[in-house]
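> These protein sequence lines are chains X and E, in that order.
Quick note: the first sequence uses our numbering, first residue 485, plus one each step.
Quick note: the second sequence uses our numbering, first residue 485, plus one each step.
Just so you know, the hints here were simulated from the structure itself, not pulled from any lab data.
Warning: the hint list may mix true and false statements.
Repeated chains share a single entry, so a pair holds when one copy, or any two copies, can fit it.
[As the list claims (entries may be wrong)] With a Cα cut of at most 25 Å, we get these calculated PhoX-like pairs of lysine-lysine: (1) K500 <-> K546; (2) K593 <-> K864; (3) K692 <-> K823; (4) K977 <-> K627; (5) K701 <-> K523; (6) K943 <-> K568; (7) K523 <-> K500; (8) K500 <-> K542; (9) K970 <-> K571; (10) K765 <-> K864; (11) K823 <-> K943; (12) K593 <-> K500; (13) K542 <-> K488; (14) K864 <-> K701; (15) K823 <-> K542; (16) K627 <-> K637; (17) K765 <-> K523; (18) K523 <-> K943; (19) K572 <-> K692; (20) K637 <-> K608; (21) K655 <-> K692; (22) K571 <-> K692; (23) K953 <-> K701.
2 protein chains.
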Amino acid sequence: MEHKTEQEAQFFQLLKEAALLKEAYYLADWDTQTGMPEKANEYRGELEGYLNELIFEKENGKEMAHWIEYFTEHPEDLSEFGQKVFKKVKEEFTRNHTIPADEWAHYTKLVAQSHAIWVEAREKQDYQILEPVLEEMVDCVRKFIPLWRQDEKTPYDVLLNQNEPGMTTEKLDALFAEVRDGIIEIRQRLEKEGTAPERDFLYRFVPKEQQERFSRKVAAQLGYDFDKGRLDDTVHPFMQELNRCDARIATRWNEHDVMFAVLGIMHEAGHGTYEQHIDAKYDYTPFAGGVSAGMHEGQSLFNELVIGSNLEFWRQVYPFFQECTEGAFDDIDVETFYKALKYSQSSLIRIEADSLTYPLHVIIRYEIEKALFNDNLPVKDLAKVWNEKYEEYLGVRPDNDTDGVLQDVHWPTGLFGYFPSYALGFMYATQLYYAMSKDFSMDEAFAEGRLDAPSQWLKEHIHRFGGSKSPSELIMDATGESLNAKYLLQFLKQVYYPVYGIEE
Amino acid sequence: MEHKTEQEAQFFQLLKEAALLKEAYYLADWDTQTGMPEKANEYRGELEGYLNELIFEKENGKEMAHWIEYFTEHPEDLSEFGQKVFKKVKEEFTRNHTIPADEWAHYTKLVAQSHAIWVEAREKQDYQILEPVLEEMVDCVRKFIPLWRQDEKTPYDVLLNQNEPGMTTEKLDALFAEVRDGIIEIRQRLEKEGTAPERDFLYRFVPKEQQERFSRKVAAQLGYDFDKGRLDDTVHPFMQELNRCDARIATRWNEHDVMFAVLGIMHEAGHGTYEQHIDAKYDYTPFAGGVSAGMHEGQSLFNELVIGSNLEFWRQVYPFFQECTEGAFDDIDVETFYKALKYSQSSLIRIEADSLTYPLHVIIRYEIEKALFNDNLPVKDLAKVWNEKYEEYLGVRPDNDTDGVLQDVHWPTGLFGYFPSYALGFMYATQLYYAMSKDFSMDEAFAEGRLDAPSQWLKEHIHRFGGSKSPSELIMDATGESLNAKYLLQFLKQVYYPVYGIEE
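Whole structure, please, built from the sequences with the hints as guidance.
Dropping the structure here:
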């Protein structure tokens, strides 16, 4: 890349060094999760700790401080692209420097401790065990918020913005109210007028090798490039990108629940394809990656939810599924199979929820987070509020805290304001689906065997830009309007009513 | 670890940082060789290049220069252990600072270029293509040698010492002459008086999964700890340690040559077990690893050559081999199987050679290297000399340079003085075998199912010391005498004569 000035070149070199150290860190982390020898854990902690120190020094040390000051005074020394990059880097740098060092150290220490406490609390099914440390963490974050930003309308807006740039409580309140009410209405109709599909056959025994054979081919057909990625075994499925030519996915296998891995791999492949499609010109800059958690989730859910709910897609791949499973599904035709995938019921655990009820799980967490930071909801009341909301929105009540407020790792690891991303992903995915449907018919493309047609469209309209456009710019440019909840509801009706035998 | 002074603590911290960066580098390198996505190659080059820069800076930069000077003047600020470590670090530091920077840069550039040239030369089977760059490299090394050390007897001694501390041309001349003459004598007896065993059945088809099932169990039984290691697929088999709790092995599989992977995994597991047994007190110091290439090869060859040539070992594991191979070897009894493994014949390729002829391949390379640096053998004559020596020692002559002088990657990557390690490993392994036989009977231990008895003995006498003792100290302390070629010859006779039906 040509730079406008020697200063710009040096600044970009510093960014590249930080990016390379992160790549080393991500590789170590991927390795930790996919097969590092068990007893190497302590040594891995030393390695990751040291790499983190180096990354922190590159991003927040003297050299970076110099460039922040220099280019603030001499913006003319930066090219247009350099200015865009600088703006983003300066934002992050400033945020990391507004918290007094000792307070930040105290907070990160709490975060480091709380994971083990959370594990213990889960074992004993007792939220009381987690409460003290969680309360201290929430108190810290409450103090940090006004130091981070003072120009947002509410404290929670600051946290939202760190995860989904441009998002506000006001916008989310409106979007989520519409989604919540819409889903409740759909669920009521299914219950009153619908007939639930049978799905017991989905839990037939399917050996891992058969699942893997099918899943790999489908992931590749959907556009995931195995020459720029790989698939491994892990405990908690994930995608980890090292760079745009190395976006790795990993899954867990359940031989009595074949669709866990199949849909999981389609999901992670969606994340991976996003990274693989990003333009090389953003390499080693803060734009070299998906723009936000919500937009990333939009890409993975596009595969899992939009494509996974498409009958024509299943018509294409089901014969190969039957071949891979060697007769185990010979008595099930594709329509029956497809309907089984769309069985919906209330449940307690977010990550096991079906696509109709999932957004409700997220909205519950959103409302609790908002109350924590905007209305000073006491941390000691979290379990109680949690259980009440599950009863109200989903009609189920956890028997114990492990199946309730202790189920997610997010809060105990200091992730506040992240949960909404999951529901935003549902909205992005479905809005993008209706937008691309104006350009081509997904059903027709699938019928012609072009299973990667959506991925190619997304590459053009979303993926290639990496982090260089904000989520709201991306969705506006790709679909012609800002994020709108109606597409998600339209989609859910379009999928679930026919499966449940309801004519609209 | 408690340190004598604050200065010592800081010095050890610097060593630890270098060690951690190397760990990151080794992980990246392991990943590159075991399944990194193909198209990520260029990005991986950037990452490894940057990590190398950081390592170089830690080991040779200003901070290290400061400590070298400081502790040379203030040795009293170092504990006894600190002094030992400092001595080793200073040696390495000094060696890296005696070559003018521009000359070193020129040399490393040649090394970087020559690999691709070697690949091309191999494809075209033409040594002439490699010769110019190799000649330049050899000229550089010839100039570097007197800068590195002036206290060695001959120039080649300097190179030997870099690979096997304490080794000299004088010692090797004597050892290798004895080995060479002894092997030639054994081979003559085999040819005149012996009957070669049949071995065609070794090339029966055995699926990878069956090979892997057998090899994993055997590696574990021999003492390789899979909780501190893992086994992966690769092109060129290797062991890569990240730390003493993470020593990984990798192999290639040939479904028509089951023993390639079986013996290869035993070999690499020997390297891995060495690393796994090193005392934790050497962590993050230059002693945290096997002491030399030769001693490392001694441990791997102990598994492959000594244990792999033991009939009682095969009696123990052969029933499981027959089980794994599901009937393919039901008609072969263990004695017949064992004898087949010890078939010996002249061959052109070192890495395919059997255990009797292998040392001759190494000795040929040793004699050529010695002539290059001590007698100014012209680089242009390498192919000719190579072919003559193969004819003389092994009675075979390469048809082309790819099967001749171009077969090894060592010289084109600047590894001179390394080859002797392979033959030293044979000698170390057999001398250790006879020494441990004074403490216990390997046959009896195996008959009792204690397949890890040798590995436990080696842990106690060799492994745990890591790099804290020199190879000559280790072999002296473990066996009561310095390295002696007679044990290798005694071992080869003990193994090959009975197989070939010769009574001694």
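> Now look at each hint and say whether the structure bears it out.
Okay, the hints, checked on the actual structure:
Taking CA atoms no more than 25 Å apart as the test, K500 paired with K546 passes in both settings, with 16 Å inside one copy and 23 Å between copies. For a Cα distance limit of 25 Å, the shortest separation of K593 from K864 inside one copy, 21 Å, qualifies, whereas the shortest one across copies, 64 Å, does not. Proximity of K692 to K823 under the C-alpha cut-off of 25 Å is restricted to the intra-copy arrangement: shortest distance 23 Å within a copy versus 39 Å between copies. Taking identical chains as interchangeable, the C-alpha atoms of K977 and K627 are never at most 25 Å apart, the minima being 43 Å within one chain and 79 Å between chains.
Within a single copy, K701 and K523 get their C-alpha atoms only as close as 34 Å, which misses the 25 Å cut-off; across copies the closest is 19 Å, which meets it. With identical chains, the CA atoms of K943 and K568 are at most 25 Å apart within one copy only, with a shortest distance of 22 Å there and 58 Å across copies. For the identical chains of this complex, K523 and K500 are inter-copy neighbours only, at 20 Å across copies versus 33 Å inside a copy, given an alpha-carbon limit of 25 Å. Taking the shortest Cα distances, K500 and K542 sit within 25 Å of each other both inside one copy (10 Å) and across copies (19 Å).
In this assembly of identical chains, K970 and K571 lie within 25 Å of each other by CA distance neither inside one copy nor across copies; the values are 34 Å within and 72 Å between. When the C-alpha separation of K765 and K864 is checked against a cutoff of 25 Å, the pair qualifies neither within a copy, at 48 Å, nor between copies, at 46 Å. In this assembly of identical chains, K823 and K943 lie within 25 Å of each other by CA distance neither inside one copy nor across copies; the values are 30 Å within and 61 Å between. For the homomeric pair K593 and K500, the shortest alpha-carbon distance between copies (23 Å) is at most 25 Å, but the shortest distance inside one copy (28 Å) is not.
For the identical chains of this complex, K542 and K488 are intra-copy neighbours only, at 22 Å inside a copy versus 32 Å across copies, given an alpha-carbon limit of 25 Å. When the C-alpha separation of K864 and K701 is checked against a cutoff of 25 Å, the pair qualifies neither within a copy, at 48 Å, nor between copies, at 52 Å. Proximity of K823 to K542 under the C-alpha cut-off of 25 Å is found in neither arrangement, the shortest distances being 52 Å within a copy and 61 Å between copies. For the identical chains of this complex, K627 and K637 are intra-copy neighbours only, at 16 Å inside a copy versus 71 Å across copies, given an alpha-carbon limit of 25 Å.
Within a single copy, K765 and K523 get their C-alpha atoms only as close as 40 Å, which misses the 25 Å cut-off; across copies the closest is 17 Å, which meets it. Taking CA atoms no more than 25 Å apart as the test, K523 paired with K943 passes between copies only; the shortest distance there is 18 Å, against 41 Å inside one copy. Proximity of K572 to K692 under the C-alpha cut-off of 25 Å is found in neither arrangement, the shortest distances being 44 Å within a copy and 51 Å between copies. In this assembly of identical chains, the alpha carbons of K637 and K608 never lie at most 25 Å apart, being 39 Å within a copy and 71 Å across copies at closest.
For the identical chains of this complex, K655 and K692 are neighbours neither inside a copy (43 Å) nor across copies (57 Å), given an alpha-carbon limit of 25 Å. Proximity of K571 to K692 under the C-alpha cut-off of 25 Å is found in neither arrangement, the shortest distances being 47 Å within a copy and 54 Å between copies. Taking the shortest alpha-carbon separations for K953 and K701, neither the intra-copy value of 32 Å nor the inter-copy value of 53 Å comes in at or below 25 Å.
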